[in-house]
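Line by line, the protein sequences are chains C and D.
For the first sequence, this note's numbering assigns the number 407 to the last residue and increments by one with no breaks.
For the second sequence, this note's numbering assigns the number 348 to the last residue and increments by one with no breaks.
In short, the hints are calculated from the structure, not lab data.
It cannot be assumed that every hint is accurate.
[As the list claims (entries may be wrong)] Lysine-lysine pairs mimicking BS3-like chemistry, simulated, CA-CA at most 27 Å apart:
#1 D:223 with D:347
#2 D:71 with D:112
#3 C:209 with D:112
#4 D:347 with C:209
#5 D:238 with D:223
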Amino acid sequence: MFEIFGIPSQALFGQLLIGLINGSFYALLSLGLAVIFGMLNIINFTHGAQYMLGAFCAYFVLTYAGLNYWFALVIAPIVVGATGVVIERVFLQWLYKLDHLYGLLLTFGLALVIEGVFRNYFGSSGLPYRVPDALQGGQNLGFMFLPNYRAWVVAFSLVVCLATWYLIERTRLGAYLRAATENPTLVRAFGINVPRMITLTYGFGVGLAALAGVMAAPIYNVSPQMGADLIIIVFAVVVIGGMGSIMGAIVTGFGLGVIEGLTKVFFPEASNTVIFVIMAIVLLIRPAGLFGRGT
Amino acid sequence: MQRVASLQAVSYSERSRSGTVAFLVMVALLLVAPTVIYPLFLMKVLCFALFACAFNLLIGYVGLLSFGHALYFGWASYVSAYTAKAWGFTPELAILSGAATAAAFGLVAGALAIRRQGIYFAMITLALAQMMYFFAVQAPFTGGEDGIQAVPRGHLFGLISLADPMAMYTVVVVVFLACFLVIYRIIHSPFGEVLKAIRENEARAISLGYKTDRYKLVAFVLSATLAGVAGGMKAIVFQLASLTDVYWAMSGEVVLMTLVGGLGTVFGPVVGAFVIIAMQNYLAAFGQWVMVIQGSIFVACVMLFRRGVIGEIANLFGIKL
Chain C
113 MFEIFGIPSQ ALFGQLLIGL INGSFYALLS LGLAVIFGML NIINFTHGAQ
163 YMLGAFCAYF VLTYAGLNYW FALVIAPIVV GATGVVIERV FLQWLYKLDH
213 LYGLLLTFGL ALVIEGVFRN YFGSSGLPYR VPDALQGGQN LGFMFLPNYR
263 AWVVAFSLVV CLATWYLIER TRLGAYLRAA TENPTLVRAF GINVPRMITL
313 TYGFGVGLAA LAGVMAAPIY NVSPQMGADL IIIVFAVVVI GGMGSIMGAI
363 VTGFGLGVIE GLTKVFFPEA SNTVIFVIMA IVLLIRPAGL FGRGT
Chain D
28 MQRVASLQAV SYSERSRSGT VAFLVMVALL LVAPTVIYPL FLMKVLCFAL
78 FACAFNLLIG YVGLLSFGHA LYFGWASYVS AYTAKAWGFT PELAILSGAA
128 TAAAFGLVAG ALAIRRQGIY FAMITLALAQ MMYFFAVQAP FTGGEDGIQA
178 VPRGHLFGLI SLADPMAMYT VVVVVFLACF LVIYRIIHSP FGEVLKAIRE
228 NEARAISLGY KTDRYKLVAF VLSATLAGVA GGMKAIVFQL ASLTDVYWAM
278 SGEVVLMTLV GGLGTVFGPV VGAFVIIAMQ NYLAAFGQWV MVIQGSIFVA
328 CVMLFRRGVI GEIANLFGIK L
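Next up, chain C with everything else stripped away, as it sits in the complex:
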């Protein structure tokens, strides 16, 4: 045990770890929002509800089919992503030509519907979800105790984020995507099915949210409103980072999580608001966001 700035190291590193965990979720969710915004020009307000759906999907799969966490990690993104595809086909595809505020309003309405239905059946209290057996316990690092599951969440979300970055920035499919973001008409003229790409992009972004939800299930309880407040913080993260860059979304997400964790140690009263304050400062200094291009 030793102290840093008068704070016991256990507390400091403990909060740093929580910061990194929250940062993983910020990064995964803002990544999904950025990918969706790039292709659809819509801010997906349903993202928080879809994160919650991911967690519930893990819970259902365990309770009713007896399939454990590792199956949920695969099944939930596919199932929730599929519902995303349906949402895009039924609702969103009709809105691309309108002002983007309609996309925001529609997805807000969908979020209310989804959260309302779950609240009605599951109440406000959370349902517990066990940490998978393989990740029980933890490591004593000398200066702190590191639970295995939390280490896994940070490492795995980092891998998923980097894989997404690679997919979009370095592969042929990603090149199509980026081209279609810039100029969909021209990309269509080259014989690429842009509408299908848009649909799948939405499904993919939603799948990322669901994946984050599954990872969150053992840490926070599975509850209907788990995504509602989180999504507003993620919006602030997105404003700070700017949605122009995939790597920017990842770095901002993790960075803000850590800053929030540190605030909890040094100035706990401000831990709820620190991200919003940073957003205000960034708007004053760099209105386009840290990694943003233009407005």
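Please build the complex by placing chain D on the supplied structure of chain C, with the hints as guidance.
Coordinates of chain D only, in the frame set by chain C:
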């Protein structure tokens, strides 16, 4: 944004006549209503109608979607409730101090939010409102989860007791109509025309030499102030200020009211507020389903009738409301 193109063909006098008739009908309804409907319900509708009209000034006439209007509404209600209860302010002073607080917050939040356009604007206003929600949770004077209860209605100008529901109703109607006319005046002034130009084509307005950021900021502050009047009035009428009024769900509700009534119509937000408040009142027994129903109305409005109730009526008859 949804625009009604056919309106341009209608002559100016004809347009203003339909507006005047609608206004007189509204005043007549407000005079008759308390004999038929419970006054407390009517006062709630009018507070929210004013809130929605203030919100509509931004979305409907400048094209700015603020997703954080609960900040001005809720904080004004806190300040009005606190000054009336702790400092013994008379109701009109309490409401004014609430409105002044909302104006100050609107100035700061507006100055930050107009630095970004489009969808970012909505996200920034929402995030700032959430920040002030957390402040309201922690600040000692707001009373946390309990809110500020048992706020005295007091005596208007120190003379007329507002404990009587009809006296209170009269005050609410007068304040509502005054603010409604102020908004009408703003929309139809040269200033309002510039706002509409910014909504239609901001780049063009800039190229014509208008400092659009200043216009947007003034409109934002006006909207926040009027939302503050609505919030302060609600605190006095219901003798309560609570966290519900500053939460993001409240921001969502005012968007819904305006959308249902018709974005960018003068009378739409009033009708929208009536519809949504009535719905909440009569469906309260369904508990969480109200949230689902509200969400479904959002979806239905966006997918099927983006003009809203009043917008559809105006379109049908080729008039402006």
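Hints versus structure:
1. Annotation: proposed proximity of residue 223 of chain D to residue 347 of chain D holds, straight-line Cα distance about 15 Å (limit 27 Å).
2. With a C-alpha separation of about 20 Å, the suggested pair residue 71 of chain D and residue 112 of chain D falls inside the 27 Å cut-off, and the hint holds.
3. Using a Cα cut-off of 27 Å, the hinted pair residue 209 of chain C and residue 112 of chain D is violated, with the two alpha carbons roughly 51 Å apart.
4. With a C-alpha separation of about 25 Å, the suggested pairing of residue 347 of chain D with residue 209 of chain C holds against the 27 Å cut-off.
5. Taking the CA atoms of residue 238 of chain D and residue 223 of chain D, the gap is about 14 Å. The hint holds against a cut of 27 Å.
Consistency with the previously given hints fails for number 3 only.
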